[in-house]
Amino acid sequence: MYYEEINVGDSFPTLQKDEITRVQLVKYAGASGDFNPLHTVEEVGEQAGTGIIAHGMLIMGMAAQGVTTWIPRKNVKKFQVRFKKMTKPGESIEITGKVLEKKENNIIVGEVLAMNSEGEVKLAGIFEGVLPSKND
Amino acid sequence: MSNVNDLVGLEFEPYCFEIEKGKIREFVQAIGDDNPIYFDMEAAKKEGFQGIPIPLTFLQVIDLWGGYSFQEKMEKLKLNPVKILHGEQHFEYLEDIYAGDVLTVSSKVINVDIKKGSSGGMDLITTENQYKNQHGDLVAISRNVTVHRH
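Which chain is which? The protein sequence lines are P and H, in order. FYI, in this note's numbering the residues of the first sequence are -8 to 127. FYI, in this note's numbering the residues of the second sequence are 40 to 189.
To be clear, the hints were calculated from the coordinates, so they are not data collected in a lab. In this text, a Cβ means the ideal position worked out from N, Cα and C, and glycines have one as well. Careful, some of the hints might be misleading.
Stated by the list, open to error - Simulated restraints, written as ranges between beta carbons of each label pair:
id: 1; chain 1: P; residue 1: S124; chain 2: H; residue 2: V121; range: 48 to 54 Å
id: 2; chain 1: P; residue 1: S83; chain 2: H; residue 2: S157; range: 31 to 37 Å
id: 3; chain 1: H; residue 1: G139; chain 2: P; residue 2: K68; range: 19 to 25 Å
id: 4; chain 1: H; residue 1: S157; chain 2: P; residue 2: N(-2); range: 40 to 46 Å
When you get a sec, could you build the whole thing from the sequences and use the hints?
Take a look at the structure:
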């Protein structure tokens, strides 16, 4: 993928993720080391008034998978998100993205969104990548 | 706590973490990311890496397995764990980071904002982490905004 082939407004292919399960939250807790009990322990979810919710960073991980599906991991230089809504087990997340801006030095800036099947946005992010040029 | 602004400048003990291939694989499996560069050396080399790279959000693993636990961090910040949410997360990648690298992380609170809304106030606490590899190179910077609801 070359810098010249990317245009502002281009959309990337949607990444559809499998439905989030409680087992996945347990796996993510162990893999990431985020043992906040709000993600795995029913009683704590009730105490917080939210019920069990998915790790925000799991959803960011899915968004990162989207970004590195669209442009190679090697080329990604910045990635930031704002968490908008909580995600519960049973929800299915899809990741969409588009090109917002092309800057000097072969930099592209893109938007990435994670939303559930009803279109509720869970996180909104921005990524920056440096792509090779055909002129290099 | 008396004044949440007092948190600005608070430094955490530096921590160290050796990145293992198996941990990277466990992490991408939990996310369901099947990109072969994270477990197949040939695929990683084909993309221009010299080893198995870390996924974009793997820096969190380094923080939580190498540094403070969630509970310890809440105690250090004097925050009620059931009142907090993750507001924002920023990552900047300066150099490639590979399985086998040993990263040392320095971490401190760089900003506190207090917001008042109709449904009550909240504190926004920004922590910045700097990641150096075993050669002393700064390889990544992250910033985390924690929301503490009053």
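Here is how each hint holds up against the structure:
no.	hint	in the structure
1	P:S124 - H:V121: 48 to 54 Å	50 Å, holds
2	P:S83 - H:S157: 31 to 37 Å	32 Å, holds
3	H:G139 - P:K68: 19 to 25 Å	22 Å, holds
4	H:S157 - P:N(-2): 40 to 46 Å	42 Å, holds
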